[in-house]
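Numbering (my numbering), first residue to last: 10 to 288.
For the record, the hints were derived by calculation from the structure and aren't laboratory data. Hints are supplied without guarantee of correctness; some may be wrong.
Said to hold, decoys possible - Quick list of in silico lysine-lysine cross-link-like pairs, DSSO-like style, CA-CA up to 27 angstroms:
#1 K224 - K163
#2 K129 - K227
#3 K82 - K224
#4 K82 - K94
#5 K168 - K129
#6 K93 - K82
#7 K168 - K94
#8 K129 - K224
#9 K168 - K155
#10 K85 - K155
#11 K168 - K82
#12 K155 - K203
#13 K122 - K227
#14 K85 - K168
#15 K224 - K122
#16 K82 - K163
#17 K85 - K203
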Amino acid sequence: MDNTLNAFLRGIIEAATEFLPVSSTGHLFLFSYFFPFQNLTVDHEAFEDLFDIFIQTGAILSVVVLYFHVLWKHTKSASLYLIKKTSDNSGFQFYRNLIVGILPILVLGFAFKNTLDQIKMRPDLLLILGLSWFVGGLIMVFVEIKHYDEGDGKIIGMKESIIVGFLQCFALIPGVSRSAATIITARTLGVSKKDSAEFSFFLAIPVLTLAGVYKLYKHRAILNSETIGLLLFGSIVSFVICYFIIRLFMAFIRRRSFLSFGIYRIMLGILVILYFVRG
Numbered sequence: 010m011d012n013t014l015n016a017f018l019r020g021i022i023e024a025a026t027e028f029l030p031v032s033s034t035g036h037l038f039l040f041s042y043f044f045p046f047q048n049l050t051v052d053h054e055a056f057e058d059l060f061d062i063f064i065q066t067g068a069i070l071s072v073v074v075l076y077f078h079v080l081w082k083h084t085k086s087a088s089l090y091l092i093k094k095t096s097d098n099s100g101f102q103f104y105r106n107l108i109v110g111i112l113p114i115l116v117l118g119f120a121f122k123n124t125l126d127q128i129k130m131r132p133d134l135l136l137i138l139g140l141s142w143f144v145g146g147l148i149m150v151f152v153e154i155k156h157y158d159e160g161d162g163k164i165i166g167m168k169e170s171i172i173v174g175f176l177q178c179f180a181l182i183p184g185v186s187r188s189a190a191t192i193i194t195a196r197t198l199g200v201s202k203k204d205s206a207e208f209s210f211f212l213a214i215p216v217l218t219l220a221g222v223y224k225l226y227k228h229r230a231i232l233n234s235e236t237i238g239l240l241l242f243g244s245i246v247s248f249v250i251c252y253f254i255i256r257l258f259m260a261f262i263r264r265r266s267f268l269s270f271g272i273y274r275i276m277l278g279i280l281v282i283l284y285f286v287r288g
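Build out the structure end to end from the sequences listed, making use of the hints.
Laid out in structure tokens, this is it:
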């Protein structure tokens with residue numbers, strides 16, 4: 010497959026799965042298992058590792074654009090609260106919750122970065138992905154059936170942020186999905202579908218941005234006109250398509266639950282496990 014087409018398809022996959030609770034990294038790993046980049050002038054494994062993480066920055070940019078008014082409102086509120094000591098501390102609480110929510114995964118991700126960097130090279134990667142999709146799907150189905158009639162939903166506070174932050178760490182396992190870990194946890198705590206999804210979006214901004222910067226620094230030696238062009242192309246594709254995917258996703262969950270995503274995960278997990286077992 011032509012590398013430009015490969016980057017284009019990966020950009021679509023990233024955009025379509027990043028903020029859905031199905032694991033974008035898992036889908037990209039699965040795609041690259043069958044369709045790796047070909048005939049690069051740099052180390053193939055290094056570029057694969059860089060590309061699949063870096064193009065997440067395109068998806069992140071779509072969140073910033075779509076929710077810019079929300080982010081600006083909270084930034085302004087937090088600034089006024091800290092500087093002028095206003096009574097409105099909603100912006101301060103918003104960013105406090107985000108910081109608390111991202112700290113666990115940043116600490117564990119850094120502590121085990123060498124192990125995590127090697128996961129894609131494991132011979133049993135497909136089994137890990139299949140089991141993660143299958144088990145995560147079962148949990149999601151159970152949670153959605155139990156919390157289908159959600160009412161108004163609980164507000165996300167410090168306690169909820171801490172719990173979501175720690176359980177988000179399971180997303181370091183390929184196929185678990187950062188979105189799934191955060192959304193399922195928030196839903197279990199009684200948070201509404203809308204607030205669970207949006208909190209997951211906001212947590213993604215610093216987490217995935219830092220992950221992309223780390224990979225870019227780690228593999229800086231392979232950056233040239235060829236690799237930079239593919240990285241930018243994939244990120245642009247991801248940004249454009251993800252902008253519409255998020256809007257469709259939020260419209261979807263206003264009418265329906267996350268149950269269908271759980272069923273999809275179960276079916277995909279079974280197929281991948283069977284493929285691995287059959288060799």
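Tested hints:
1. K224 - K163: Distance ~36 angstroms between K224 and K163 Cα, so the pair is violated.
2. K129 - K227: Roughly 16 angstroms separates the two Cα atoms, so the pair holds.
3. K82 - K224: violated (31 angstroms)
4. K82 - K94: Holds, at about 16 angstroms.
5. K168 - K129: It is violated: about 34 angstroms lies between the C-alpha atoms, which goes past 27 angstroms.
6. K93 - K82: Between K93 and K82 the Cα gap is close to 16 angstroms, so the pair holds against 27 angstroms.
7. K168 - K94: holds (24 angstroms)
8. K129 - K224: Cα-Cα ~14 angstroms, so holds.
9. K168 - K155: holds (21 angstroms)
10. K85 - K155: It is violated: about 38 angstroms lies between the C-alpha atoms, which goes past 27 angstroms.
11. K168 - K82: holds (23 angstroms)
12. K155 - K203: holds (17 angstroms)
13. K122 - K227: With a Cα-Cα distance of about 11 angstroms, the restraint between K122 and K227 holds, given a limit of 27 angstroms.
14. K85 - K168: holds (24 angstroms)
15. K224 - K122: Roughly 11 angstroms between the alpha carbons, so the hint for K224 and K122 holds.
16. K82 - K163: holds (21 angstroms)
17. K85 - K203: holds (23 angstroms)
The structure does not agree with the numbered hints 1, 3, 5 and 10 stated previously, though it agrees with the rest.
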